[in-house]
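So the protein sequences, as listed, match chains Z, V, L, D, G and U.
Taking the working numbering, the leading residue of the first sequence gets 163, the next gets one more, and so forth.
Taking the working numbering, the leading residue of the second sequence gets 163, the next gets one more, and so forth.
Taking the working numbering, the leading residue of the third sequence gets 163, the next gets one more, and so forth.
Taking the working numbering, the leading residue of the fourth sequence gets 163, the next gets one more, and so forth.
Taking the working numbering, the leading residue of the fifth sequence gets 163, the next gets one more, and so forth.
Taking the working numbering, the leading residue of the sixth sequence gets 163, the next gets one more, and so forth.
Please note that a few of the clues may not be correct.
Pairs count within a copy or across copies, as identical chains cannot be separated in the list.
Below are the PhoX-like pairs computed for lysine-lysine, each with C-alpha atoms no more than 20 Å apart in a straight line [claimed, not checked]: (1) K277 x K316; (2) K297 x K277; (3) K270 x K218; (4) K301 x K218; (5) K236 x K316; (6) K283 x K218; (7) K317 x K270; (8) K181 x K277; (9) K297 x K233; (10) K181 x K236.
No lab work stands behind these hints, which were simulated from the structure alone.
There are 6 protein chains.
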Amino acid sequence: MLGAKHPPNNEHIDDNMVKMEVNLDDISGEWLGYVMDLLFEAGANDVFYSPIYMKKNRPGILLQLLCSSQKLDKMKEILLQETTTLGIRYYPITVHRMERRFITVETKWGMVTVKQGISTKGEVFQSSPEYEECKQIAKEHNIPLKKVYAEVWKKL
Amino acid sequence: MLGAKHPPNNEHIDDNMVKMEVNLDDISGEWLGYVMDLLFEAGANDVFYSPIYMKKNRPGILLQLLCSSQKLDKMKEILLQETTTLGIRYYPITVHRMERRFITVETKWGMVTVKQGISTKGEVFQSSPEYEECKQIAKEHNIPLKKVYAEVWKKL
Amino acid sequence: MLGAKHPPNNEHIDDNMVKMEVNLDDISGEWLGYVMDLLFEAGANDVFYSPIYMKKNRPGILLQLLCSSQKLDKMKEILLQETTTLGIRYYPITVHRMERRFITVETKWGMVTVKQGISTKGEVFQSSPEYEECKQIAKEHNIPLKKVYAEVWKKL
Amino acid sequence: MLGAKHPPNNEHIDDNMVKMEVNLDDISGEWLGYVMDLLFEAGANDVFYSPIYMKKNRPGILLQLLCSSQKLDKMKEILLQETTTLGIRYYPITVHRMERRFITVETKWGMVTVKQGISTKGEVFQSSPEYEECKQIAKEHNIPLKKVYAEVWKKL
Amino acid sequence: MLGAKHPPNNEHIDDNMVKMEVNLDDISGEWLGYVMDLLFEAGANDVFYSPIYMKKNRPGILLQLLCSSQKLDKMKEILLQETTTLGIRYYPITVHRMERRFITVETKWGMVTVKQGISTKGEVFQSSPEYEECKQIAKEHNIPLKKVYAEVWKKL
Amino acid sequence: MLGAKHPPNNEHIDDNMVKMEVNLDDISGEWLGYVMDLLFEAGANDVFYSPIYMKKNRPGILLQLLCSSQKLDKMKEILLQETTTLGIRYYPITVHRMERRFITVETKWGMVTVKQGISTKGEVFQSSPEYEECKQIAKEHNIPLKKVYAEVWKKL
Chain Z
163 MLGAKHPPNN
173 EHIDDNMVKM
183 EVNLDDISGE
193 WLGYVMDLLF
203 EAGANDVFYS
213 PIYMKKNRPG
223 ILLQLLCSSQ
233 KLDKMKEILL
243 QETTTLGIRY
253 YPITVHRMER
263 RFITVETKWG
273 MVTVKQGIST
283 KGEVFQSSPE
293 YEECKQIAKE
303 HNIPLKKVYA
313 EVWKKL
Chain V
163 MLGAKHPPNN
173 EHIDDNMVKM
183 EVNLDDISGE
193 WLGYVMDLLF
203 EAGANDVFYS
213 PIYMKKNRPG
223 ILLQLLCSSQ
233 KLDKMKEILL
243 QETTTLGIRY
253 YPITVHRMER
263 RFITVETKWG
273 MVTVKQGIST
283 KGEVFQSSPE
293 YEECKQIAKE
303 HNIPLKKVYA
313 EVWKKL
Chain L
163 MLGAKHPPNN
173 EHIDDNMVKM
183 EVNLDDISGE
193 WLGYVMDLLF
203 EAGANDVFYS
213 PIYMKKNRPG
223 ILLQLLCSSQ
233 KLDKMKEILL
243 QETTTLGIRY
253 YPITVHRMER
263 RFITVETKWG
273 MVTVKQGIST
283 KGEVFQSSPE
293 YEECKQIAKE
303 HNIPLKKVYA
313 EVWKKL
Chain D
163 MLGAKHPPNN
173 EHIDDNMVKM
183 EVNLDDISGE
193 WLGYVMDLLF
203 EAGANDVFYS
213 PIYMKKNRPG
223 ILLQLLCSSQ
233 KLDKMKEILL
243 QETTTLGIRY
253 YPITVHRMER
263 RFITVETKWG
273 MVTVKQGIST
283 KGEVFQSSPE
293 YEECKQIAKE
303 HNIPLKKVYA
313 EVWKKL
Chain G
163 MLGAKHPPNN
173 EHIDDNMVKM
183 EVNLDDISGE
193 WLGYVMDLLF
203 EAGANDVFYS
213 PIYMKKNRPG
223 ILLQLLCSSQ
233 KLDKMKEILL
243 QETTTLGIRY
253 YPITVHRMER
263 RFITVETKWG
273 MVTVKQGIST
283 KGEVFQSSPE
293 YEECKQIAKE
303 HNIPLKKVYA
313 EVWKKL
Chain U
163 MLGAKHPPNN
173 EHIDDNMVKM
183 EVNLDDISGE
193 WLGYVMDLLF
203 EAGANDVFYS
213 PIYMKKNRPG
223 ILLQLLCSSQ
233 KLDKMKEILL
243 QETTTLGIRY
253 YPITVHRMER
263 RFITVETKWG
273 MVTVKQGIST
283 KGEVFQSSPE
293 YEECKQIAKE
303 HNIPLKKVYA
313 EVWKKL
C-alpha cells in the first residue's frame, strides 16, 4: 500500500553515483532558486549550494549535486542551459545506504508516515516523520509544526 | 586577432585535473587574500574559499583549488610556503568544458568582448560580456556597471 | 532547590541590552575559539561569529555579542586585549524574554532538567532538555545522544 | 489595472520599521524552511537566515526579519510558537524606499510585468522582470529561464 | 612625515556613524566585487558581505556598510545606481575608536610601517604591520608573506 | 620524551585516506557540536561543517570528515547512531604530509612546544606554538593569548 509510494529499500553500497560541481559568480540568487527545483525534478538525488569566496572580491556559489551516472548527461544539459557556466566538473562517489522502512503512526489529527532507518542488526536507529504530511496537518489544524512532530514522536 | 588573447577552445573532457583542499584555522584573512592571487598567477584554474566550522569553536576556511596534474607540485609549494598547513589533500576530477568563442559587440562607448558558450549542436547557449572591459568603460565614462552590461546584452 | 541554579525568570522586556560588533580579518580561527569562551565567562549573554567577505578578497569574521549595558566596558576590554581590533561598534537593542520554568523528568538513566517557556497565557510552548545533562547520560551509558532526548520528550 | 495588484509606491522614508533577530541552535533546517513561509504570510517585509558559529561548537542560524512596528506582536507570536527560542531581540530601523512603477513588456510568449525603480530626478534606474511570470513562461514553453529574462531586457 | 598619510588618531567615541544594510538576491557576484570597491572609494569606513538564505530557495547576499552620517546620501546613490535594490535600511551606531599610532620598523628588506593601538592607560595593546608594504616586500624579494610578518614581529 | 606524545613524522604521501560526507537538514546545532567531538575521539583525522542551502528553503549542514580507510566502518557507525542520516557518501583522497618536528621554546612563563614543518630540502617552513599550552599559560598568568604567542615567536 505504502509500498507503492515507498518501495522497501534494502541496505546497499551504491558505486554508481557521481558528484558534480559548478562554481558560479555571474548568476543571481533568483535564478539559482529555480535551477535547484529543475535539477530535483530531473532526478538528482541531492542538490545544494555553499557560499564561496571567489577572485576579485566576488561572493559566489558552489553548486553541488549528486546523481547516478546514468543521469550525468541530463544534469549537464540543465546546468549549461539554466546557469551561466561553461564547464562542469565531477568525480565518482560511493554511497552506503541503510535499509529504509515506512510505518504509519496515528495521531489525533490523522495518520502520519514515518521513515525509519534499519541497522544491519535489524534495529531501528532512525525515525523521521514525513515533513509534507506534518506540514499539511499543521496548516489545516492551525497548530505549530513542532507540536505535530512532538505528537508523532510520542506515539512511536 | 582576438585569437591571440583568446584561443578558440573546443568542447572536450579533461581527465587531467586535480582538486586540492586545505583546512585552515591558524591563518588570518589578510594572508588568505594574498594567497589566492599567488595561486592564480601560478596557473591554478580556480581557487576559492568556504567558511567551515572546525574543532574547539574555531571559524576556519576550506581552501579549494583546481589545477592540471602538471601544476600539482607548484601548487603544493605555494600552499606550504604561504599558508600554515602541514598537509595537503587532493583527488582527480573530470572537467567537461564546452566550446568557447569570443565575439565583439559595438556599444556607444566602444567595443566589448563577449565570451560565448557553444553547445554540441552548435547553438550559442551562453553570452558573458568581459568583466574587465565593462568595468573600464564604467570607470572611464562614470556610468553604472549595470548600464554597460545592459547595453551589451541589447546589442547581442 | 533547582531554584538555586535556575532562578525563576518572569516574562519581561529588557531595554538595557547592547549589541556589539567587530569585523576581523587579521586574526586566526584558533584565537577566536578562545575569545568566545572568555566573553561568555565574563558575562556576555550571547557571542557568535558570522563569515563575511571583506575587502582585498579577505575571508573575515563578524563577531557579535549581546550584553547588558553594565557589561559594555568589560567586553570592550576583552575585545581589545584578545582580538586585533582598534575599534568596536555597538547599539542598544530591546530583548523580550519569556517566562522560564525548570522541571525535572525521570528517565531510566536518571533525572533530567527540562527548561520550559511559558506564554503570557500560562501555556507551556517550549520544552528543552538540558544539553549538558543529556550529554553526560549519553557518555556514561554509552548511548546515542538522540536516544536520551527521545526518552525525555516521551516522558514530558 | 495593474494598479490593483501593484499600487504605485512613492519614494519615502519609513521610520516605522523594526528589525527582529533570533539565534537558533536547537532547531532543524526542516522546520526553519517552514517558519520562513509563515512569517512572510503573516506580513513580514523580509525574512532571512545567516549561518553563525555558536558556543560549544554548534553551527547555528541567525534569523532576521523586517516588519512594521504594528506587526511586532504577530511576529513574536509566530517565532515563539514555531521556533525553539525563549527570547527575541529587536531595534528600530529606518527604510528609504524609492518610487516603484510597474510596466508591462510584450514578448513572443506573452506579457511580462517589469518592476521599475524611479529616482528622485524621475529617471528609471532599476528594471526587474517579475520572477513568477518569467518562471511560468519558462515552464510552459520549456525554455531556459535566462532566455525569458534576456528577451524581456531586449524589449525594454 | 608619516603624519601626512596617517594623522594621529586619539581615542574617542564616535556617535555620528550609520550602519546601512541591503538584501540582494538578483545580482551577480561579479557586480558585487565591483560595488565594494566603489563604496570604499566614496568614503565608506567599512563594507562587507554575508551569505544569507532568502525566500524561494535563493542564496542571497546581505551587504552591510559603515559610514559617517554625512556620507549617507552618497552611499545611497551608489547603492541605487550599482546594485538592484529599491530600498535601503539603516540605523545609528556608536563606534569606540582607540588611539592609533604609526611607527616604522627596520627589516633587512627595508622599513615597514606598523599601526599600533594605544590603550587608555598608554599601553601598546595592538601592533599590525601594514599589509600593503609587507606584500610589496614579499613580491619584490620573492619571499613568503608570512616571513615578512615574522621578521617585523621580531623587530618590535 | 616529547617523542612519546609526538612521534617524529616523516614526509609521506598517504593513499589510504577517505573523505566522508553527510548532508543534514533535520538535526539541531546542539547535537552537531556533540557529534564532532565523538568523531574526533574515535580517530577521525579531521571533522568540519559547512553551511549549505538545501531544498525547500532549508539551511542545512554539510558534515565532512577525513579518516583512514580502516576507520571507515567506525565512522559510519557513529554517523548513523548520532546523526539523522540514512546514507553516507565517501571517496578516496590522497594526503601529502610534510615532516613534522617538535621543539620546545623557553618563555618567561615556562616551556612551550612548537610544531615545525620541515620541507623536502630540510628547511623549517612552518612553526606553530601548541595552542593548548599557550592557552594554559594565558589562563594561569591572566595575560592575553596573543601576548603568549608573540613571546614564543620572538624566541624562535
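Problem set entry | Violated hints - listed by number, lowest first | 3, 5, 6, 8 and 9
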